[in-house]
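Asks: Dock the two chains into a complex; use the hints.
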Amino acid sequence: DAKTTQPPSMDCAEGRAANLPCNHSTISGNEYVYWYRQIHSQGPQYIIHGLKNNETNEMASLIITEDRKSSTLILPHATLRDTAVYYCIVREDFQGAQKLVFGQGTRLTINP
Amino acid sequence: NAGVTQTPKFQVLKTGQSMTLQCAQDMNHEYMSWYRQDPGMGLRLIHYSVGAGITDQGEVPNGYNVSRSTTEDFPLRLLSAAPSQTSVYFCASGRPSSYNSPLHFGNGTRLTVT
Numbered sequence: 001d002a003k004t005t006q007p008p009s010m011d012c013a014e015g016r017a018a019n020l021p022c023n024h025s026t027i028s029g030n031e032y033v034y035w036y037r038q039i040h041s042q043g044p045q046y047i048i049h050g051l052k053n054n055e056t057n058e059m060a061s062l063i064i065t066e067d068r069k070s071s072t073l074i075l076p077h078a079t080l081r082d083t084a085v086y087y088c089i090v091r092e093d094f095q096g097a098q099k100l101v102f103g104q105g106t107r108l109t110i111n112p
Numbered sequence: 001n002a003g004v005t006q007t008p009k010f011q012v013l014k015t016g017q018s019m020t021l022q023c024a025q026d027m028n029h030e031y032m033s034w035y036r037q038d039p040g041m042g043l044r045l046i047h048y049s050v051g052a053g054i055t056d057q058g059e060v061p062n063g064y065n066v067s068r069s070t071t072e073d074f075p076l077r078l079l080s081a082a083p084s085q086t087s088v089y090f091c092a093s094g095r096p097s098s099y100n101s102p103l104h105f106g107n108g109t110r111l112t113v114t
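Going down the list, the sequences are from chains A and B.
Following the numbering used here, the numbering of the first sequence begins with 1 at its first residue and continues without gaps.
Following the numbering used here, the numbering of the second sequence begins with 1 at its first residue and continues without gaps.
These aren't lab readings, by the way, just hints derived from the structure by calculation.
Each residue gets a CB set at the ideal place from its N, CA and C atoms; glycine is no exception.
Watch out, some of these pointers could steer you wrong.
[Claimed, not checked] A few chain B positions that, by computed beta-carbon distances, are all more than 10 Å from chain A: (1) E59; (2) G94; (3) P96.
[Unchecked claim] Partner residues are not named here, just some residues of chain B that face chain A (Cβ under 10 Å, in silico): (4) M27; (5) N28; (6) Y31; (7) R44; (8) G51; (9) C91; (10) P102.
Next comes chain B alone, as it looks inside the complex (with noise of 0.2 Å):
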């Protein structure tokens, strides 16, 4: 198994441009959802998804979109980047939450807008 696998590793944008960051998991896991990483800020949880169809916003959602047509994927997808979107994106992935276990991450997606 791949485990979760994030496209690009590495991307710069211009203010305003567009992009989808990808994010695609080959556990048949229910559960898919986004994180970005700041300095001295953590991980915050950006939109988050409970199975295919199903979407619904994190607490810094803002500036960002997600949809969730098949179970594998969960891509994001920045429709007009700005500075403040400078930060690593992680995608995590797990079984529904009655199940307590554990969130598996990809490596990330680190990304800069000038």
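Same shape as in the complex, but just chain A (with noise of 0.2 Å):
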């Protein structure tokens, strides 16, 4: 069963910042939180990850709680090209295995 869970839909306006959030209270300490989106039957496409500290990359920011049990995906300025399905995932490795386990997601729309 996924570890996170997230609201299952949100909508932003164009040019807006768009704000995602993911509770994951029963992460342990060494486990990452991964964002991965899904645009239409597409493969998932890799967002960003961090452990504790914040990230930021070029597609956007990652703000973790400092308890860690709960985290902000953070599009600063969402387009509508940015409509999809985004996964909040705490990766499980088990014997070598990377198991990235999909919950149901948060299904953003991007309004003009």
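Replies: Structural data, given as structure tokens:
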């Protein structure tokens, strides 16, 4: 079962920041939080990941709370092409396997 | 770099037929894996490989075989297709788990078994 919970859907106006929350209260100390998105039926696209520090790359920022029980993905200037299902994942590594347990994700709709 | 390439994009099989889903990556990744995606079920791990010559089962391996003779390729074989195997199949590759780096996915093979 997924270790994360996310709201099923969110809307955001084009040009505004989209803030996607995720709860992962059972995360272990050495487990990373990963964010992926899936546009239509394409393969999941990696966005960003982090352990305990806030992270930023060319796509997004990731804010992780100090207790690591929740995080927020921030798309700073959302465009229509950011409409997708966003998955927050705690990667479970076991005997070499890198298991990404995808939950239901958040369907983000960017409105013009 | 092409990244992770999956072929074919679409496939229709009759029950009992066999086929191989191809996956190739050009990023010199040691780790490769296969997932299936079904409506309302998320992605589930079928098989994975931590390097050439090494494969292991994921959470839903029944009905599927894999092999890893080269670093680049990780084919998934359906020996006798069943309607329950109708799904979208994704291949993913990445560095070993100790690097804590992301997996990169292909664009999937959409398989229908009638």
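Asks: Now, for every hint given, state plainly whether the structure supports it.
Replies: Against the structure, the hints come out as follows:
1. E59: 8 Å, violated
2. G94: The claim breaks: B/G94 does not keep its Cβ more than 10 Å from every Cβ of chain A (closest is about 6 Å).
3. P96: 8 Å, violated
4. M27: B/M27 check fails; min Cβ-Cβ to chain A is 13 Å, beyond 10 Å.
5. N28: Because about 17 Å separates B/N28 from the closest Cβ in chain A, which is outside the 10 Å limit, the hint is violated.
6. Y31: Holds - the Cβ of B/Y31 comes within 10 Å of chain A, reaching about 6 Å at its closest.
7. R44: 8 Å, holds
8. G51: 9 Å, holds
9. C91: Hint holds; B/C91 Cβ to chain A Cβ min 8 Å, cut 10 Å.
10. P102: For B/P102, the interface hint holds, since the closest Cβ of chain A sits about 4 Å away, which is under 10 Å.
The structure shown violates the earlier hints numbered 1, 2, 3, 4 and 5.
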